[in-house]
Amino acid sequence: MRQGTKVSILLLTLVLASVLLAGCAQQQAQPQDIKVGAVVSLTGAGSNVGKHMKQSAELAVSEINAQGGVFVKAYNKKLPITLIEADDETKGDSAVKAVTKLISEDKVDILVGGYSSGVTTATQGVVAEKQVPYIVTGASSPDITRRKDVNTSYFFHYCPTTAMYGQYTTLFMDQVIRLAINEKFEFNDSRPLRVAILYQDSAYGKGVLNGVTSTITGNNLKIQIVSNQSFKLGETDFRTPLTAIKAAKPDVIYPAAFPAEQIPIVVQARRDVNLNTIILAVETNDNPDYYTGIGHFGEYSVIESRFSPYATPQSALATADLKFKADYKAKFGTLPDMMGTSTYEGVYIAAKAIENAGTLDKATVRDALANILMPEIVEAIKDRTITFSPDYREVQFMLFMEQLFWDDQAGEVRPKIVWPSDLKEQDFVLPDWYQPGSG
Amino acid sequence: MALDFNILLQVLFWGLYAGCIYILLATGLNLIFGVMKIVNFAHGELLMLGAYITSTVFVLSGFNPYSLILLTMLVLGLIGIVVERLCFRPILGTGKLNEIFLSLGLIYVFQNGVALIWGDERQVLNSPYQMVSVPIGAIQLPIDYIIIIVITVLILAGLHLLLRRTDLGRAIRATSQNRKGAMIVGIDVERMDMISFGIGSGLAAAAGTLWVVSGQVFNPYIGSIPAIKAFSIVILGGLGSIPGAIVGGLLYGIAENGAAYFLGGIWKDSISFLILIIVLIFRPTGLFGESAE
Chain A
1 MRQGTKVSIL LLTLVLASVL LAGCAQQQAQ PQDIKVGAVV SLTGAGSNVG
51 KHMKQSAELA VSEINAQGGV FVKAYNKKLP ITLIEADDET KGDSAVKAVT
101 KLISEDKVDI LVGGYSSGVT TATQGVVAEK QVPYIVTGAS SPDITRRKDV
151 NTSYFFHYCP TTAMYGQYTT LFMDQVIRLA INEKFEFNDS RPLRVAILYQ
201 DSAYGKGVLN GVTSTITGNN LKIQIVSNQS FKLGETDFRT PLTAIKAAKP
251 DVIYPAAFPA EQIPIVVQAR RDVNLNTIIL AVETNDNPDY YTGIGHFGEY
301 SVIESRFSPY ATPQSALATA DLKFKADYKA KFGTLPDMMG TSTYEGVYIA
351 AKAIENAGTL DKATVRDALA NILMPEIVEA IKDRTITFSP DYREVQFMLF
401 MEQLFWDDQA GEVRPKIVWP SDLKEQDFVL PDWYQPGSG
Chain H
1 MALDFNILLQ VLFWGLYAGC IYILLATGLN LIFGVMKIVN FAHGELLMLG
51 AYITSTVFVL SGFNPYSLIL LTMLVLGLIG IVVERLCFRP ILGTGKLNEI
101 FLSLGLIYVF QNGVALIWGD ERQVLNSPYQ MVSVPIGAIQ LPIDYIIIIV
151 ITVLILAGLH LLLRRTDLGR AIRATSQNRK GAMIVGIDVE RMDMISFGIG
201 SGLAAAAGTL WVVSGQVFNP YIGSIPAIKA FSIVILGGLG SIPGAIVGGL
251 LYGIAENGAA YFLGGIWKDS ISFLILIIVL IFRPTGLFGE SAE
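Which chain is which? The protein sequence lines are A and H, in order.
Okay, so the first sequence: first residue is 1 according to the numbering used here, each after it adds one.
Okay, so the second sequence: first residue is 1 according to the numbering used here, each after it adds one.
Heads up, some of the hints might be wrong.
[Unchecked claim] A short, non-exhaustive set of chain A residues, derived as facing chain H with CB atoms under 10 Å:
1. D201
2. E235
3. T240
4. F297
5. E299
The set of hints was computed from the structure by calculation and includes no laboratory data.
Note that CB positions come from ideal geometry on N, CA and C, so glycine has one too.
Turn these sequences into a full structure, and let the hints steer you where they fit.
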């Protein structure tokens with residue numbers, strides 16, 4: 001073979017190889033879809049909440065895809081979202097496997113979900129190492145974005161923290177319950193509200209407790225913690241701690257508990273220990289099972305919330321709230337829950353961040369999340385705009401307090417929003433059977 | 001912490017109630033261990049099954065849930081017999097590891113089976129007497145707990161009569177005391193295994209019924225913690241000793257609630273095992289045990 005022919009063949013080979021490689025590169029650069037990984041608890045203790053988170057994410061994806069998907073500038077076209085779900089089994093080790101699979105095998109572009117704080121924090125090392133944006137929509141521990149031992153810069157906290165629960169509930173106790181008791185029983189305004197706290201011995205329970213104490217001291221409120229009882233995660237027998245609380249003569253009881261614990265707390269307090277007092281609850285209890293579980297014993301109790309299956313805030317969001325509930329019920333035959341709602345919104349936030357980023361590059365999407373400004377979707381957000389705080393990437397939700405009243409038609413208690421004034425449906429009621437603590 | 005007599009009386013009462021559930025569970029476990037010398041780690045799942053059966057029949061029939069206790073015990077007794085025949089009998093005497101892993105496997109079978117049939121969401125059943133209280137001294141006690149304590153006493157009295165006053169009971173005790181000797185005198189020990197397993201399962205079912213009528217939340221996973229406590233009570237009272245299970249159950253119920261009141265809720269479980277360690281140091285065979293297995 002002549003030298004010129006050899007050179008020609010070599011050049012031709014190089015050209016072909018270049019065309020092929022360019023084609024591959026072009027294929028890599030032109031994804032067919034946006035892969036969103038949903039980290040949900042489909043089995044284990046969190047399965048009832050996980051089911052709603054999964055279904056809500058599916059609803060959001062179906063709505064976005066029905067509009068043609070998400071416009072990504074780099075490809076100059078709309079891409080549909082493919083939702084890939086992974087069951088964390090409500091266990092830390094299983095969650096690490098689930099998240100690792102989503103990142104390494106399924107090659108997701110962004111993660112959404114995470115319920116239990118303990119389970120979610122277990123996955124943070126993997127996410128930090130792989131640098132995948134993660135919108136956490138269920139885990140409430142402030143540590144999710146505040147811990148220092150792991151790089152949390154890819155985590156965005158889209159649900160209120162335990163500190164926020166404690167803060168809002170304490171302000172409600174001071175501004176509403178304390179005044180109602182003083183008025184009804186003609187107590188002097190200097191009399192402090194007597195609060196008993198029954199908290200789960202976990203990061204969640206202690207977070208709520210810290211939220212209460214720091215709000216009392218920070219605002220110099222007239223609130224006295226007269227009993228402080230703890231219990232282990234998963235406890236179902238609260239009769240003795242409640243008896244100890246009764247001995248302390250509280251005006252209100254504030255348990256920091258999951259629904260499987262809060263239901264027996266309410267029933268045992270009212271039925272077994274005869275505590276004729278107001279029992280408060282943390283927002284995670286605001287789901288249909290809770291209303292069924294507490295029965296008559298839940299009458300006049302109070303839940304801090306941000307989304308309720310049975311109540312609609314009197315705000316501009318009422319239409320969106322009712323539409324979401326109707327769409328969810330039409331698709332799944334049941335009402336949505338709170339964690340599902342924030343997961344639904346989390347998928348929309350992910351879509352908006354990718355659209356703003358104009359690419360699927362994870363670092364760019366992370367930056368887009370950090371700078372996101374979008375209108376509230378279903379849940380009320382401060383200034384009606386979803387934006388993550390620059391320090392800990394948290395969102396300021398507008399929480400509200402609901403009081404539960406018996407509904408003959410439903411055969412269960414149903415909530416009415418009683419605080420704050422701009423969202424409330426009616427005033428807080430101190431029932432006839434209510435007995436204040438001593439002092 | 002103020003020492004108010006009425007408060008202490010109420011805490012003692014909660015201890016008695018908790019003790020009743022423990023006693024029924026531990027007595028059944030001990031009966032099975034005494035006769036078959038096997039350790040069934042899935043015993044708590046029988047309590048859980050009892051809770052679901054009571055709840056389901058109650059929802060379907062509307063009968064008073066207390067009236068369903070015998071039916072639940074019968075159903076679980078039959079399930080226990082099937083489990084003994086199909087699972088434990090084939091491996092009896094082949095080594096403790098086989099028994100342990102078989103019963104661990106049964107935990108998952110029962111939990112997943114129940115989750116498949118009834119779902120794994122928490123449930124609760126309301127007693128028809130949930131609004132009724134009776135005054136005892138200066139305190140008001142819900143009548144449900146008094147009924148639970150009375151039913152437990154009746155079941156234990158029935159078990160005592162069965163074991164002490166009937167031929168079947170004597171045969172069960174003989175098998176428990178000396179298996180080979182029982183065989184020599186013509187007792188069908190395999191039949192005694194089957195019956196003991198059935199009775200033990202029935203007692204766990206009774207605990208399950210009382211669990212739900214007391215308003216406790218239940219789901220497929222509630223059996224694990226009570227089972228661990230029951231095992232601990234069996235060791236505390238003495239392996240194979242039914243009086244030991246009764247005393248141990250009461251001791252645990254009262255100690256746990258006392259610790260929760262005086263020391264805080266997080267001490268509730270710790271105190272049980274602290275008592276167990278102390279008893280075993282001074283009496284390695286347990287309170288009523290004569291020989292260690």
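Going through the hints against the structure:
no.	hint	verdict
1	D201	5 Å, holds
2	E235	7 Å, holds
3	T240	4 Å, holds
4	F297	8 Å, holds
5	E299	13 Å, violated
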